[in-house]
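Trainee: If you're matching them up, the sequences are chains A, B, C and D in order.
Numbered continuously in the numbering used here, the first sequence closes out at residue 1587.
Numbered continuously in the numbering used here, the second sequence closes out at residue 1587.
Numbered continuously in the numbering used here, the third sequence closes out at residue 1587.
Numbered continuously in the numbering used here, the fourth sequence closes out at residue 1587.
Hints are computed from structural coordinates only; laboratory data are not their basis.
Keep in mind that this is a model prediction, so the values were computed, not measured.
Heads up, a few of these hints could be off.
Chain B stretches covered by chain D per the calculated footprint, using a threshold of three residues with CB under 8 Å from any CB of chain D [unchecked claim]:
1. 1241-1254
2. 1294-1306
3. 1350-1359
4. 1412-1421
Within a straight-line C-alpha distance of at most 20 Å, the following computed SDA-like cross-link-like pairs (lysine to any residue) qualify [as the list claims (entries may be wrong)]:
5. C/LYS1411 with A/ALA1198
6. D/LYS1503 with D/ASP1553
7. B/LYS1482 with B/LYS1528
8. C/LYS1513 with D/ARG1217
9. A/LYS1503 with B/TYR1183
10. D/LYS1307 with C/LYS1513
Glycine residues also receive a C-beta, built at the ideal position from the N, C-alpha and C atoms.
There are 4 protein chains.
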Amino acid sequence: MNRFNNSIAFDKVLYEADITGSIAYAKALKKIGIFTNEEYIRVVKALKEILNEFANGKFVIQPSDEDIHTAVERRLTEKVGDPGRKIHTGRSRNDQVATDLRLFLMWKVDELMKKIVDLQKAILRRAEKENNVVMPGYTHLQQAQPILWSHYLMSLFWMLQRDKERFQDCRLRSSVLPLGSGALAGNAFLIDRGALAKELNFAWVSENSIDAVSDRDFIIEFLSACAILMMHLSRYAEDLIIWSSVEFGFVELDEAYSTGSSMMPQKKNPDSLELIRGKTGRVIGNLMKLLTVMKGIPLTYSKDLQEDKEPLFDTIETVRASLEIFKGVVKTTKIHPDKMLAKMDDEMVFATDVADYLVKKGLLFRDAHKIVGRLVRWLTEKGKKFSELPLTTYKRFSTLFDDNVYRLFDLWHSVNLRSAEGGTAKASVVKQIREGKKLLRKQL
Amino acid sequence: MNRFNNSIAFDKVLYEADITGSIAYAKALKKIGIFTNEEYIRVVKALKEILNEFANGKFVIQPSDEDIHTAVERRLTEKVGDPGRKIHTGRSRNDQVATDLRLFLMWKVDELMKKIVDLQKAILRRAEKENNVVMPGYTHLQQAQPILWSHYLMSLFWMLQRDKERFQDCRLRSSVLPLGSGALAGNAFLIDRGALAKELNFAWVSENSIDAVSDRDFIIEFLSACAILMMHLSRYAEDLIIWSSVEFGFVELDEAYSTGSSMMPQKKNPDSLELIRGKTGRVIGNLMKLLTVMKGIPLTYSKDLQEDKEPLFDTIETVRASLEIFKGVVKTTKIHPDKMLAKMDDEMVFATDVADYLVKKGLLFRDAHKIVGRLVRWLTEKGKKFSELPLTTYKRFSTLFDDNVYRLFDLWHSVNLRSAEGGTAKASVVKQIREGKKLLRKQL
Amino acid sequence: MNRFNNSIAFDKVLYEADITGSIAYAKALKKIGIFTNEEYIRVVKALKEILNEFANGKFVIQPSDEDIHTAVERRLTEKVGDPGRKIHTGRSRNDQVATDLRLFLMWKVDELMKKIVDLQKAILRRAEKENNVVMPGYTHLQQAQPILWSHYLMSLFWMLQRDKERFQDCRLRSSVLPLGSGALAGNAFLIDRGALAKELNFAWVSENSIDAVSDRDFIIEFLSACAILMMHLSRYAEDLIIWSSVEFGFVELDEAYSTGSSMMPQKKNPDSLELIRGKTGRVIGNLMKLLTVMKGIPLTYSKDLQEDKEPLFDTIETVRASLEIFKGVVKTTKIHPDKMLAKMDDEMVFATDVADYLVKKGLLFRDAHKIVGRLVRWLTEKGKKFSELPLTTYKRFSTLFDDNVYRLFDLWHSVNLRSAEGGTAKASVVKQIREGKKLLRKQL
Amino acid sequence: MNRFNNSIAFDKVLYEADITGSIAYAKALKKIGIFTNEEYIRVVKALKEILNEFANGKFVIQPSDEDIHTAVERRLTEKVGDPGRKIHTGRSRNDQVATDLRLFLMWKVDELMKKIVDLQKAILRRAEKENNVVMPGYTHLQQAQPILWSHYLMSLFWMLQRDKERFQDCRLRSSVLPLGSGALAGNAFLIDRGALAKELNFAWVSENSIDAVSDRDFIIEFLSACAILMMHLSRYAEDLIIWSSVEFGFVELDEAYSTGSSMMPQKKNPDSLELIRGKTGRVIGNLMKLLTVMKGIPLTYSKDLQEDKEPLFDTIETVRASLEIFKGVVKTTKIHPDKMLAKMDDEMVFATDVADYLVKKGLLFRDAHKIVGRLVRWLTEKGKKFSELPLTTYKRFSTLFDDNVYRLFDLWHSVNLRSAEGGTAKASVVKQIREGKKLLRKQL
């Protein structure tokens, strides 16, 4: 039962948050006369020593240490005696753990935001450097229209930008101090919660003690933001896995991010990307865990809530690693622009341009679409390409065709046609990169 | 296959968003010369008529109508002829459907926000009116400390406040216009996307066309916010279900929100609350659906995305109904303050106060906790209550006990001890209610 | 509230199960003297008429009809008067709905099993007909070793075989009669449950009335089996979507199972497969819904259980349609064996065979693997193929190489090397097909 | 990247399965001449030593050990030299890991089945011993009808019986040997797979090598069975948590299975049960993880599959511990039959019996239900009980009431009325216990 009940095995990662919280709480206790000044100084000194013990791997967990909170208090009492037995005055594990988790989460969100920015920088750098590569754009995994490789890269930049926004929102909503809510009904020692919040860098003090100890929204919201972020990475991983097949051949992972086969000597498998894709399922499952747990309990605190920690810790670590790995992939993956071009050799990616051409000549869009549909089928049957057709043949499909139709069959021409804001035209991508840089500069 | 493929059966609810989008797009097409002014006027008029046909249930869906977009265009062409065949110029279903969904979601979020405010108002009113009822507060479903019924009610107010914040954040991130992104590569007709955004009340224009047609973050974020909101309601439903048991007897649902049994004539079942609790699973499942779908696809648009709609529509309707039902429950549920008091008759809810009393007399918290623990066990064995013990007996447990200990055994005294911000003391609840009112006034 | 509470809108699909159950229950009531023989005959006649009314779409639902059970009883009483008011004697909606759901599920499982068999037959037929096509086999989406197209097809056959087993197990566990369990405590009218079970083709009678009305395992187990089945289809869909890209070009979907683009005239999108892939998320979400609902309630019946129905009905319909669509895809998809061959033109798929060759010549496996690894890198750098190397070069990598090494570079040779049971050698596939046919013959 | 990629940190628990598989594979390699007899003996001896090293915690993992498979092979080669470099001949990590996982799962299922039986035995013992306790039965958490405590207990017995069946089915479907399937295309060394299966106690040999390395159905099916099992425990935990509230007071957890509060000296919290309830969410999340991972990949092996292990291992450990804890709870929880009786003091649980009484007197069920409904409302208003009413008053509600109505108001009478198979009548529960014992005897 002890093994089942105790959480020290995993909640010890909260040590810094727990000790930081206790240091602030000691100050608050001094203010209301529970600690003398001298006691307070000794307690803070001892707590900082314990922090160091943890940081240096020197803290020895005892079998009686149920969780990080009892472990720290036990050690504190070993060190300072009686004052250690006062640190929990007016506090409950319920408001304590909620405070620890929020502090911890805010710190970790800050770390993850930096990792996202690092990945965004890698994207910006690469997009800027490789802003002259045309590749096929896909919908339904079918070639659609030519796009810039840099435009593709930048799409991830903007997704990550939203991920950061969600993290920021979640961080803000985490910045509400529960400490001073007691077990559920509030603190009976006239503790100064506003000062506590200031001390611990919380933006607000919780408005209702019952809500304060019951609430784990901030973790669910974080897990949800992480699930979306991982889903983003998974989709790009999926693209890159497909593109690194021999059949596509667009990209080639660096050795550091691929592995060989135990049986087949020729294999070079995109394991890093497959792991990211797989770990997305892991994070989604973690979100499912906590939602199901929270949905199944009444207010306020029930021990079920202990199940909030492992999904959270596991998710943070998974997201952190995935962001780093993906950054490495972005930095090191080789591209093969020649193969990208070669795959568009049948010129089908120009079909929309041909239809638009007719529209610009005055045809109704639906008619233009239909005529080009017919033309495409004809080309396919004959095994011909757009650029090979004589104008006379074009004329048979529509008299609106003209000599200048041949100008369409140039990939750069096609790319630069999409010049509306956010399109793949080079000018638009240059603008995106500039915007992106500006955003990053503003934020950090 | 058609039945499998077509989405008109459920996406027809998007009609207003789709038509609104098309009206704006028509204006943009006029600006770039695709529509003459006269054509534009006819098109807009026809679209408004179609809007009315839908609103009045007069629109007749044809077997050829794959989805709401083709249905509207088909009808438009029936009405105006050739100009109808131009409305899709430069547009793709990919940017169109993303635009429709965002518009629709923003509108629906506004509606749901109002429903939340209604529920919050019901809470405020009730908390204000019933601000003199003391009840046991629970952790682990065990009696912990006395709380105010109004404090309990207000805890939901603050949860809902966070739910609104999440909705607002999500709405803001939905307010990014994808229209003008084409199939994936952008718009080739120099369409004025900024004007389009203004016309449709979008705050921003999407920065990258690939992201614009691929992205469904806004739906996932919304579903996640809804899952959290429903989880909140589920937890309160759980409390109220337990409290409406004969054994607790704290609350009594109105007939309108409970139902009888087909077999047992005496039953009055809290069906409304059980449904809300059950439907929370439904919304969590909807979130899982979309996360799994999105995680399984590469960029950009794949038909898998069609599975985004039903979970969204179903969730909106479920949340809307649940908020209304819960408001009804808050408004009509009878409470039994006498039973709440009676259940605290064993006075165990004062144990914390007794320990705190000793602390205030100078005992170390851990020692006070231990002494009161012993005292409680002794009382239990003897079948006695705190208030029945003579001072001499108290003294046997600690000499710090004094005549004034008997002042503790008053529920209002206990409640008002928790006077730190957010505590259950009456003054704190009054402040919460005042704050709550101010917040609602500011927002609407 | 009524709209929130009532389930008739969706549970009407249970009409046949409900009426069948009532017919059997009427017989049981006759046996214990509640119905006279004459009453029994009238009741049964009327119930059969109501069945017809439902079947012919003539049944008119009244606003007072809460669910299918009250609707049927209301109509019965309209038809026969007083005896209708007796049909519910000793019965509760709790045991009634559990009985209906089990009956319904058993019938639907039978239907789905037939659909699986149909798909298996389509696979067998195609594998038999196209048993001479060699294609690259993939791990990590990288070419690994040559396989037979028919071997690939047959892998789905065996997955589906397991799906049927799971359905059968689930059906068996559904075949336990809850009727006669009352609300939760049992039936007080000495009803003959054994006879009821016989009448309704249940294999067993439930052993415990509390369990009988609480249990929804059979639905969860079914949803789980469906989630696995859909996951199977999704994985094949993923393969086929990738293979129908221009870059692979291995398969070409029939027009009936693909659709065009609203913007790009050349597109032919594998919508059918993408929908199946997407709908897998839908079914997984349905499973999550019910698990979360069930996890959140105590015993026995709570209204939360009403949420068991829509996920069930939706899943049945989704799986049914997906199986049919996939069968159509298997039957109609064109393959391009020439492209499959062409993509193996670099001969890298022979690498394992070369290593195995060295092992058979006496080299240690790990050394052989390493040598071929070096050889492969050398070939890649030089842009050469295995078959182009002179023996002297081979000798430089290992003196064990011999003239007969060239025999390896034949795809059929490679395929037929894998002759251990279950391998891709033609003889093995022929055996699989034979076994498959035998299995299907046995079962139907 | 190494830390991201390597699985040795968690897959080392597979050591016994991996080594057992390798011992069998060594024998098969001897048979086809890869190993001499002498080499085979040395290899087996060394593998057994490695097994011991793991078992005794003496195995030292090296930084180069990617996973359990490479670790074992590395150590084997250290011990025996060249023959170690042959053990992987014809084998791939793909068929190896699938074999390991299946072996491991079968063993673990056997262990868990024993744990279930232990829990079932505890239930049987307690139900037999406490077969004379009447308590209120609930639907919607409202008192419905009196039931036997033993009947309630036995309901869990039957749920667990189904759980075992599901485990057995899953074990059977796990008993299919993938070894000899190579990377995906089969084994090219004429390995005798039938003999391998026999050696490793597999019932079957996989029929298709592609399926063999792709398939993880057996894990999903196991996780699903575990999710259902945990859901069962969670529902009983929920009941017991509610029943251990002061307000119900039906049960009292042993000290070993409850814990105190850090703040409130009087608290005795049902932590053990809350943890089980919480951990149900954990297992559901684990199922979600794997379903999402599998759904997102094509055939055959992708590295995403590495994410199958942690959810599996974590689930096994969680279920094992939960079963043990729950057995302890069943064994040690004190019940308070007096409180169970006291809570039925208002006699409302007899309402169904009164209605049934009227039915047996000849009234139509619906009319009887209505009359008793009226009677119940009248009693409630007057604050009276059934047994207190004079016959004259009864007659005012229905002339069918008779002197013998007072016999109804006896809990045992009520309980024993439900005598149909599976009902709560004592005879039925005795029969259930007898059946239960027989089943367990048969199985072990």
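Trainee: Please go over all the hints and tell whether each is borne out by the structure.
Mentor: Hint check results:
Under the rule that three or more residues need a Cβ within less than 8 Å of chain D, the assignment of the region 1241-1254 of chain B is violated, with 0 such residues. Requiring three or more residues with a Cβ within less than 8 Å of a Cβ of chain D, the coverage given for the region 1294-1306 of chain B is violated, as only 0 such residues are present. Here's how the region 1350-1359 of chain B fares: 0 of its residues keep a CB closer than 8 Å to some CB of chain D, so the rule of at least three is not met and the hint is violated. Counting residues of the region 1412-1421 of chain B whose C-beta sits closer than 8 Å to any C-beta of chain D gives 4, which meets the bar of three, so the coverage hint holds.
Taking the CA atoms of C/LYS1411 and A/ALA1198, the gap is near 59 Å; set against the 20 Å cutoff, the hint is violated. Distance hint between D/LYS1503 and D/ASP1553 is fulfilled; the C-alpha atoms sit about 18 Å from each other, no more than 20 Å. At roughly 18 Å between alpha-carbon atoms, B/LYS1482 and B/LYS1528 fall within 20 Å of each other, so this suggested pair holds. Of the supplied pair hints, the one linking C/LYS1513 and D/ARG1217 holds, its CA atoms being roughly 15 Å apart against a limit of 20 Å.
With a C-alpha separation of about 17 Å, the suggested pair A/LYS1503 and B/TYR1183 falls inside the 20 Å cut-off, and the hint holds. Annotation: proposed proximity of D/LYS1307 to C/LYS1513 is violated, straight-line Cα distance about 48 Å (limit 20 Å).
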